[in-house]
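Chains A and C are the protein sequences, given in the same order.
Residues 1 to 155 in my numbering are what the first sequence spells out, letter by letter.
Residues 1001 to 1290 in my numbering are what the second sequence spells out, letter by letter.
Since the hints were derived computationally from the structure, they do not count as laboratory data.
Bear in mind the structure is a predicted one, so any value in this text is a computation, not a measurement.
A couple of the hints might just be wrong.
Claimed, not checked - Facing chain A, a subset of chain C residues (Cβ under 10 Å, in silico):
| id | residue |
| --- | --- |
| 1 | Ile-1024 |
| 2 | Ala-1051 |
| 3 | Thr-1144 |
Ideal placement from N, C-alpha and C gives every residue a C-beta, glycine not left out.
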Amino acid sequence: MLNRLLRPPGAVPEREFLQRCIQCGQCAQVCPFDCITLKTGWFHSGTPEIDPRVSPCKLCMRCSAICPSDALEDVPIEKSRMGIARLNKDECYTWMGFILCRSCFERCPLKGKAILLDKGIYPVITDQCVGCGICEYVCPKKAIVTIPARLMVHT
Amino acid sequence: MKKPTIKFYRRILQISVAAAFIVIPYLNHQLRINYICGNFLSVRIFGLTLADPLAVLQVSIQNWYIAPEMLMAAGIVLALAIFLGTVFCSWICPYGLLSEWIHWLARRILPKNYGGLKIRISAFRIKICIFTAGMFFTLLFAATPVMNQFSMPAWYSRIFQYIFIQEHLSLAAGVIAAILFIEFVSRNRLWCRYLCPQAILLVLAKLVNPYRLKVAYQKEKCLIADQRQGPCYKACSLSLDLKTFNQALETECNNCGDCVAVCEKKGQALDFQVKRWRNKGEALRIRGKY
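Isolated chain A (complex conformation) (with noise of 0.2 Å):
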């Protein structure tokens, strides 16, 4: 099974960041919104983890500015690369034509720049979505799925 747990923001590319990671867990403790998990198990024990759907990341970018080894890079919320979110928009209510829900659109931190509304009406994400989940917390029909950096392709 595919691991769709996202790194914390400013992660570097996944290969990069098991090898900088440290396994301190300071990111976990500073974390103001309980959103890191340490991950349990043998080699990767102890790196950060988010799962959105438990809580996504505010982008509040604390755990990225405390990383002693830099596996965790202080970057600004634009740059800080956690994933890309996608909306499907055969399950969007607003798509299907039932109700006006713009839950997403409102809770984006990047709000008018990683969603916008199509014609003022249906939310679409753009390629600046950093992948915080925060819009897949919020979907009331669970139309998003934030995909992590570190299952993407890098060209």
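For this one, chain A is given, so just place chain C on it according to the hints.
Chain C only, in chain A's frame:
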């Protein structure tokens, strides 16, 4: 009132560090007090970062990148070892505290004539071999700093991180208990003395400085110089014989000071010194002054 010995102060420090790493995750997570956070791999204390030198070595050689913060963090820890020897093991490490208690228990409970497991090979050589093999494996095959998983103090603090952050009891608690049980049965502080790969960098750092803090033995003042295994040998939890103390044995000594504390009441033949070894393999002798 009786003047407290060096062992008293050491225990106070060990217990407070061990307790601190239980309290820290609780403070961070339940009370949101973040002045101190992290575990034994890297800890931030009021903005000052300290880190396990072996963890830093691994993360920096795997991708040829070292964060300036990490360089300083490991540097401070190594500097402590350069001047004071491997005091981390005996004064700070919470696993060392547990191991010492288990060793004390084994001495009390196990029969007196049971000598325990005796290993004749130099502990320094065993550790160097483990360290080299581990680094080799880390560089060639591992995608993560794999030797972090063999750090007992790190696992001690991680168990409490897991408990307070995500209410998960790590299997590592059982592993630590199992290793302590083996140490109990073998009546030998196996992990600390022969296996712990984290300590080797501290030992190498201490060997750099010939004027490091070390225990010195004066035969002239010793009341029972002709007997073997005096009170100092019994006091040493690593079972080092202070009367044949030489440079090779000194690489294994953690400067805990238990032998000095015991000898204080007898002949005061043992003391902390910063003088260098005269020649290899021969005991340090101090003349004059006394």
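message: Are any of the numbered hints broken by this structure? If so, which, sorted upward?
response: none
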